[in-house]
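Next come the chains, spelled out residue by residue.
Number of protein chains: 2
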Amino acid sequence: MNFVCPVPSEAYETVTLAHGGGGKVTHRLIQSLLVPAFDNPALAALHDGAVLPWDGEQLAFTTDSYVVRPRFFPGGNIGNLAVHGTVNDLAMCGARPVALSLAFILEEGLPIAELRTIVESVRDACALLDVPVVTGDTKVVERGHGDGVFINTSGVGVVARNLEIAPQRVRPGDVVILSGPIAEHGVAILSVREGLEFETRIESDTAPLWPVVERVLAAGGWDVHALRDATRGGVASALNEIAEASSTGIVLDGAAIPVKDEVRGACELLGLDPLYIANEGRFVAFVAPERAGRVLAAMRSEPVAREARVVGRVVNEHPGTVRMNLAFGGSRVVDMLSGEQLPRIC
Amino acid sequence: MNFVCPVPSEAYETVTLAHGGGGKVTHRLIQSLLVPAFDNPALAALHDGAVLPWDGEQLAFTTDSYVVRPRFFPGGNIGNLAVHGTVNDLAMCGARPVALSLAFILEEGLPIAELRTIVESVRDACALLDVPVVTGDTKVVERGHGDGVFINTSGVGVVARNLEIAPQRVRPGDVVILSGPIAEHGVAILSVREGLEFETRIESDTAPLWPVVERVLAAGGWDVHALRDATRGGVASALNEIAEASSTGIVLDGAAIPVKDEVRGACELLGLDPLYIANEGRFVAFVAPERAGRVLAAMRSEPVAREARVVGRVVNEHPGTVRMNLAFGGSRVVDMLSGEQLPRIC
Numbered sequence: 132m133n134f135v136c137p138v139p140s141e142a143y144e145t146v147t148l149a150h151g152g153g154g155k156v157t158h159r160l161i162q163s164l165l166v167p168a169f170d171n172p173a174l175a176a177l178h179d180g181a182v183l184p185w186d187g188e189q190l191a192f193t194t195d196s197y198v199v200r201p202r203f204f205p206g207g208n209i210g211n212l213a214v215h216g217t218v219n220d221l222a223m224c225g226a227r228p229v230a231l232s233l234a235f236i237l238e239e240g241l242p243i244a245e246l247r248t249i250v251e252s253v254r255d256a257c258a259l260l261d262v263p264v265v266t267g268d269t270k271v272v273e274r275g276h277g278d279g280v281f282i283n284t285s286g287v288g289v290v291a292r293n294l295e296i297a298p299q300r301v302r303p304g305d306v307v308i309l310s311g312p313i314a315e316h317g318v319a320i321l322s323v324r325e326g327l328e329f330e331t332r333i334e335s336d337t338a339p340l341w342p343v344v345e346r347v348l349a350a351g352g353w354d355v356h357a358l359r360d361a362t363r364g365g366v367a368s369a370l371n372e373i374a375e376a377s378s379t380g381i382v383l384d385g386a387a388i389p390v391k392d393e394v395r396g397a398c399e400l401l402g403l404d405p406l407y408i409a410n411e412g413r414f415v416a417f418v419a420p421e422r423a424g425r426v427l428a429a430m431r432s433e434p435v436a437r438e439a440r441v442v443g444r445v446v447n448e449h450p451g452t453v454r455m456n457l458a459f460g461g462s463r464v465v466d467m468l469s470g471e472q473l474p475r476i477c
Numbered sequence: 132m133n134f135v136c137p138v139p140s141e142a143y144e145t146v147t148l149a150h151g152g153g154g155k156v157t158h159r160l161i162q163s164l165l166v167p168a169f170d171n172p173a174l175a176a177l178h179d180g181a182v183l184p185w186d187g188e189q190l191a192f193t194t195d196s197y198v199v200r201p202r203f204f205p206g207g208n209i210g211n212l213a214v215h216g217t218v219n220d221l222a223m224c225g226a227r228p229v230a231l232s233l234a235f236i237l238e239e240g241l242p243i244a245e246l247r248t249i250v251e252s253v254r255d256a257c258a259l260l261d262v263p264v265v266t267g268d269t270k271v272v273e274r275g276h277g278d279g280v281f282i283n284t285s286g287v288g289v290v291a292r293n294l295e296i297a298p299q300r301v302r303p304g305d306v307v308i309l310s311g312p313i314a315e316h317g318v319a320i321l322s323v324r325e326g327l328e329f330e331t332r333i334e335s336d337t338a339p340l341w342p343v344v345e346r347v348l349a350a351g352g353w354d355v356h357a358l359r360d361a362t363r364g365g366v367a368s369a370l371n372e373i374a375e376a377s378s379t380g381i382v383l384d385g386a387a388i389p390v391k392d393e394v395r396g397a398c399e400l401l402g403l404d405p406l407y408i409a410n411e412g413r414f415v416a417f418v419a420p421e422r423a424g425r426v427l428a429a430m431r432s433e434p435v436a437r438e439a440r441v442v443g444r445v446v447n448e449h450p451g452t453v454r455m456n457l458a459f460g461g462s463r464v465v466d467m468l469s470g471e472q473l474p475r476i477c
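Taken in sequence, the protein lines are chains A and B. In case it helps, our numbering puts the first sequence at residues 132 to 477. In case it helps, our numbering puts the second sequence at residues 132 to 477.
Just chain A, same shape as in the assembly (with noise of 0.2 Å):
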C-alpha cells in the first residue's frame, strides 16, 4: 500500500534558519503556506521556475535572491553565484537564459570598491553567458539591519516548444544522470567560515550550466524528462523533490555517486553526508533509458560535467521516496534534509 505522509501544517511560531535550509522545514513552509495562498499550476509543479505559455513559444521565469556568507569564497563570489544560480534555475526548466534583473539591498557602510568587484563578477559571468541584464534595483538599509549586500537575480528564459521538462514527467525505467561529482560549494564555503585548511584548496563548483543542458537538450530532446540542480539540501534533497513531485521511488547506487577525496575527507572531519551539501555547479538528469548514453555521452563533453555518471533509476516501488543501495549490500532511506545543515550557503 501506498501511505503518503499528510504534510503538516507550520508547526513553529516563528522563523528559524531551518526555514532558509532548503530541505523539510523549507518545504512545510512553502506547502503549508505559500502553495495555497498562490495557487495555480505554475507554482504547483514546484520546480526550479516558471514555464508559461507565450504566443506560442514557452516562457521560463525564475527568482533567486542570495545572501552567501562569506560573499567572497574560494572559486567565487555573491555576484557571479546569483548569475549561475538563476541561469541554472532556468536552465533546469530547459531554457534558453534571454534576460536577467538584478536588485541589491546593500548595508550602508558597505565600501563602494566591493560593491564594483561583485558588479564585475556580475557583468563577467553574463558576459560569458551572453545574458543581459536588463533591470535592476538599488535599495540601502541602515548599518545593523541587513549585511552588507543581498542580491536577488530573476531570470526570464525560453523553452523550446518541443520539449517538457517537469518533475511530473519523471517515470519507472528513467535514468538518473548526475553531472559531477558533490558537496564541493559547501565545503569550501564551511572551509572559509571555520578557518579549516586542506592539504588541496576545496573551491566551489558554481558555474553556469546552461552550456551542458543545451547539449543535453539536443541529444535527448524529449526523452529528458526532468532536470534539477542540487543547490541548498544537496542531491539527497533534489532526488526527493522529484520522488515526491513525479510520485516515483528512485534507488541510488551509494558506489557511484562521485566525491573528489579531499571533499570526501574534510565532510568526515566535520561530521557531515555530502549528499546533503550544497552544489552550484552540479545538477541530476532524469532521462527515459534509450536515450540515458547519448545523454551522458553529451554531458561528458562539456568541462563542466565531463565526470557526468549514471547513479540510480526510478522505480515504482515507494513512491515519494529515495533508497540508496550500500556498497557492503543492503539499502537506506536518504530523506530530504532535516532542519538546517549550512545557513547562508547561497
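Read the hints as simulated data drawn from the structure, not as lab findings. Just so you know, not all the hints are guaranteed correct.
When chains are identical, the list treats them as one kind, so a pair holds in a single copy or across two.
Stated by the list, open to error - Think about it this way: if two alpha-carbon atoms lie no more than 20 Å apart in a straight line, the pair counts; the simulated EDC-like pairs of lysine to aspartate or glutamate are:
(1) Lys391 x Glu295
(2) Lys155 x Glu144
(3) Lys155 x Glu273
(4) Lys155 x Glu239
(5) Lys155 x Glu238
(6) Lys391 x Asp404
(7) Lys391 x Glu433
(8) Lys155 x Glu188
(9) Lys155 x Glu251
(10) Lys155 x Asp186
(11) Lys155 x Asp466
(12) Lys391 x Glu345
(13) Lys391 x Glu328
(14) Lys391 x Glu438
(15) Lys155 x Asp404
(16) Lys155 x Glu328
(17) Lys391 x Asp354
(18) Lys391 x Glu330
(19) Lys391 x Asp255
We have chain A already, so just place chain B on it with the hints.
For chain B alone, coordinates are given in the frame of chain A:
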C-alpha cells in the same frame, strides 16, 4: 546651447542611505557603476522595466526589492506594496502584468503569524489584479543580519504591438498629466515612524495602476509617449528622469499640483517638500496634446485617478531641466532629490 553636465564618477567610499534614496546619489551610482557594467539598450533606457522583443510580442520585465519600515503602515503593508510596486513598474512600460515572482529574505525570529499576514496581503493584491505568483524563493538570515522581512517581486508582462511607452518618445508640446494628489505614501510612513498624529489619518496611496493605465492606453494609444510612477524621490525626481532621458525641458504649473490639505500641513510641520515625497499609487503621463483631453477623461473614470489633472507641458527650452511656475509669479528650477529624504520608504 545645450550643455549636458557630465556624470561625475562615484564620489563616495562606502554605501550611504542616500544611495537608496532615489535621488541624485542613487542616480550617480547607477550611472557610474551599473549602466557601464551592463551596457545594453534595454538597461540604458533607464525605464522602470525592460521591454524586450519576444516572438513578435513585446515582453516587459521588471524587478524591485521592498525594505519599507515599518512593515505595516496606514493604507497597506510590505506585502501589497510589493505587488503594487512591481505591477506599476510593468504598467509604466505599458505592459499588462502576466506573472510575478516572490522572494523573501526573512530574519530569524520573525513571527510566522506576521509572515502569514504579509503573504495573505500579497495574495489579495494579486487576486484583485488576476496576476499569479508563479515562482518564488525563501532565504533566512540570522537575527541581527536582516530586518524582519525584505521582499523582492519581479514581474513579466506583455506590451501590445502597437505601443511604445518610453521616456525617449517624450517631445516638446507633450502635455504632462498627474494622476492624483501627491506625497501621501511618504507622509503616512513618516507619521507612523515619528509617532505623529493628525486630525485626519493620512493613508498611503499604495494602489495598483494597471487598471487605469489600461484605460489610458485605450484612449491614447500611440500618442501616449511615456508613463512614470512617482515613487522614491517623488514627482520631482520622476520628472527630472524623464527630462534627462528625453533631452527636453518640463514646465510645471505649481498651482495645479494637487496636495491634500492634511498632507500639505504635515509636510509644512516636518519641513518637507511634497514634490520630493514618495508616492506608491501616482504617476505622470506624457501625452501628445491632441489626445490629452481623451486621456485625462479616461484617467478620471478610474477611482485611483479621479483627481487627475494637467500639471505641465514639455518644452524645447532648458533640456534636461524641470522648472515650475509659481503661484505668485516667476519660476524656479525643480531639481532631482539630492541625498536621502526618507530612508526605507518602499
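Verification of the supplied hints:
1. When the C-alpha separation of Lys391 and Glu295 is checked against a cutoff of 20 Å, the pair qualifies neither within a copy, at 33 Å, nor between copies, at 54 Å.
2. Taking CA atoms no more than 20 Å apart as the test, Lys155 paired with Glu144 passes inside one copy only; the shortest distance there is 16 Å, against 42 Å between copies.
3. In this assembly of identical chains, Lys155 and Glu273 lie within 20 Å of each other by CA distance solely across copies; the values are 19 Å between and 33 Å within a copy.
4. For a Cα distance limit of 20 Å, the shortest separation of Lys155 from Glu239 across copies, 17 Å, qualifies, whereas the shortest one inside one copy, 34 Å, does not.
5. Only between protomers do Lys155 and Glu238 lie at most 20 Å apart by alpha-carbon distance; the minimum there is 19 Å, versus 31 Å within a single protomer.
6. For the homomeric pair Lys391 and Asp404, the shortest alpha-carbon distance inside one copy (13 Å) is at most 20 Å, but the shortest distance between copies (62 Å) is not.
7. In this assembly of identical chains, the alpha carbons of Lys391 and Glu433 lie at most 20 Å apart only when taken from the same copy (19 Å versus 63 Å across copies).
8. For a Cα distance limit of 20 Å, the shortest separation of Lys155 from Glu188 qualifies neither inside one copy, at 35 Å, nor across copies, at 41 Å.
9. In this homomeric assembly, Lys155 and Glu251 never come within 20 Å of each other (Cα to Cα): the closest approach is 36 Å inside a single copy and 23 Å across copies.
10. Taking the shortest Cα distances, Lys155 and Asp186 never come within 20 Å of each other, neither inside one copy (37 Å) nor across copies (40 Å).
11. In this assembly of identical chains, the alpha carbons of Lys155 and Asp466 lie at most 20 Å apart only when taken from the same copy (9 Å versus 52 Å across copies).
12. In this homomeric assembly, Lys391 and Glu345 never come within 20 Å of each other (Cα to Cα): the closest approach is 26 Å inside a single copy and 57 Å across copies.
13. For the homomeric pair Lys391 and Glu328, the shortest alpha-carbon distance inside one copy (16 Å) is at most 20 Å, but the shortest distance between copies (64 Å) is not.
14. Taking the shortest Cα distances, Lys391 and Glu438 sit within 20 Å of each other inside one copy (11 Å), while across copies they are farther apart (67 Å).
15. In this homomeric assembly, Lys155 and Asp404 come within 20 Å of each other (Cα to Cα) only inside a single copy, at 16 Å, whereas the closest approach across copies is 50 Å.
16. In the homo-oligomer, the alpha carbons of Lys155 and Glu328 never lie at most 20 Å apart, since the shortest distance is 31 Å inside one protomer and 46 Å across protomers.
17. With identical chains, the CA atoms of Lys391 and Asp354 are never at most 20 Å apart, being 30 Å at best within one copy and 63 Å at best between copies.
18. With identical chains, the CA atoms of Lys391 and Glu330 are at most 20 Å apart within one copy only, with a shortest distance of 13 Å there and 69 Å across copies.
19. With identical chains, the CA atoms of Lys391 and Asp255 are never at most 20 Å apart, being 28 Å at best within one copy and 49 Å at best between copies.
Going through the hint list in order, the structure does not satisfy hints 1, 8, 9, 10, 12, 16, 17 and 19.
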